[in-house]
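Novice: From just these sequences and the hints, can you work out the full model?
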Amino acid sequence: MGNSAYWDNDGFATPNLDDPRKLGNLRSPRFMEKSILQYEAAWRTDRLSIKMDPRQRLFSIALILLVLLATRIHGIPRPIKIGAIFHKGDEDLMSTFQKAVFETKYEHLAPAFELIPVLKYVEVNTDSFRTAEAACELLQEGVAAIFGPASRHTRGIVASIAERFNIPHIEYVWRESEGSEEEYERKKASMTINVFPASEKVSEAIADIIDSMKWRNFVAIYENDEGLSHLQKTLTLKGDKNNPLTHTIRQLSEGTDYRSMLKEIHSLAVSNIIIDVQPQNIIRVLNQAKEVRLLADYYQFVITYLDSYKLPILDVRNGTVNITGLSLRENDVDGIEWLDSAILYDAVFLLNTALEVLNARMDKEGYIDPISLSCISNNTEKYKAGCDIIGIMKEVSSFSYHIASS
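Residue numbers (full-length UniProt numbering): 1 to 406.
In case anyone wonders, no lab produced these hints; they're calculated from the structure. Errors might be hidden in some of the hints.
[Said to hold, decoys possible] Within a straight-line C-alpha distance of at most 25 Å, the following computed DSS-like cross-link-like pairs (lysine-lysine) qualify:
id : residue 1 : residue 2
1  : K364      : K382
2  : K99       : K88
3  : K394      : K384
4  : K382      : K81
5  : K384      : K364
6  : K214      : K201
7  : K233      : K201
8  : K105      : K364
9  : K105      : K120
10 : K310      : K290
Specialist: As structure tokens, this is what we get:
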């Protein structure tokens, strides 16, 4: 017989009668209320009947109640709500967030908290008004942190609201820094933390690769502001008046046919090429480069996407062409395909660790428990644990990912 169980409508697990000992390991919100009834029902069946002296039965029931009470007090994690805001097109991020929250249950042997996800969906990723409403709704529900949104058009308003109420605001996508990294840290909201690698770090990695390959000229293909920023900072890092880098920069055209641009690059007779485009377009660019004989012997490509090893580059690679990619991840997680999703996944675990660390340090009962807050009230109440949570997140991780090339 298997050690199975079924779950009733109240979320209470009834054990397989072949293994009644599993009763003592079960936990559910109604365990205390139904334990005696389930206990007696499990042991009074046609398949298994045990006769007990009334005093023995009372003693057994009392013992079970004591064990269950101890489990109730010390073993069941306290629920902590954490919020997230998503837009249309963020479906992969949304499922990653839910997956990460669920899997934090297994991160610690005896967790003090159980994270409860509260999701808000705003369809248009430029709608700051509705995004602000969503953030205020999360505050009213009593969340300990807000993740996202990923859109650069709406994340600023969420950062402002989080700052006002000392709610940790966690970003997980690239954001252009203003000036130096130190200046950016000073300017941004103190309750906002971005776990995505700083743009300067990515540019340094690209510059190191160019230096190691001894490139003195190259062509760079970019798609958006992020790619252009990487390239500009790379050129700044490698600027040398006595031996300047010769470079040509081209932006992907709209649509999906880039062969005209790639033919132009082929005519330049430059064999060193940097590709800084969205991951969904990398293989398309390489395939079309192959069609115009750009992906040929003695060419060298550098792909700046920080999860390059996840792409099917070997299926495209031709002859002795050299393709170097960047890699940020050390471990794979099933079902997590894209870099932003991987960073969001890690960020949820980082928050969970910060909550557990803070709880271990604090003697105040309920200090971490978030409260309902109102954006429209004149009440100046704030989340008292918010600053401590952000501080520990920075303490636990410096967010300086190791970027490797392969």
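Novice: None of the hints should be skipped; say for each whether it holds.
Specialist: Okay, the hints, checked on the actual structure:
Straight-line distance between C-alpha atoms of K364 and K382 comes to about 17 Å, which keeps the hinted pair within the 25 Å bound. For the proposed pair K99 and K88, the alpha carbon gap of about 19 Å is at most 25 Å, so the pair holds. With a C-alpha separation of about 18 Å, the suggested pairing of K394 with K384 holds against the 25 Å cut-off. For the suggested pair K382 and K81, the alpha carbons sit about 16 Å apart, so the restraint of at most 25 Å is met.
For a cut-off of 25 Å, the pair hint linking K384 to K364 stands: about 12 Å separates their Cα positions. Distance restraint check for K214 and K201: the Cα-Cα separation of roughly 20 Å lies within the 25 Å cut-off, and the hinted pair is therefore satisfied. Restraint check for K233 and K201: satisfied, since their Cα atoms lie roughly 10 Å apart, inside the 25 Å limit. This hinted pair checks out: K105 and K364 have alpha carbons roughly 23 Å apart, not beyond 25 Å.
Taking the CA atoms of K105 and K120, the gap is near 22 Å; set against the 25 Å cutoff, the hint holds. Using a Cα cut-off of 25 Å, the hinted pair K310 and K290 holds, with the two alpha carbons roughly 20 Å apart.
Going down the numbered hints, you'll see the structure goes against none, and every one checks out.
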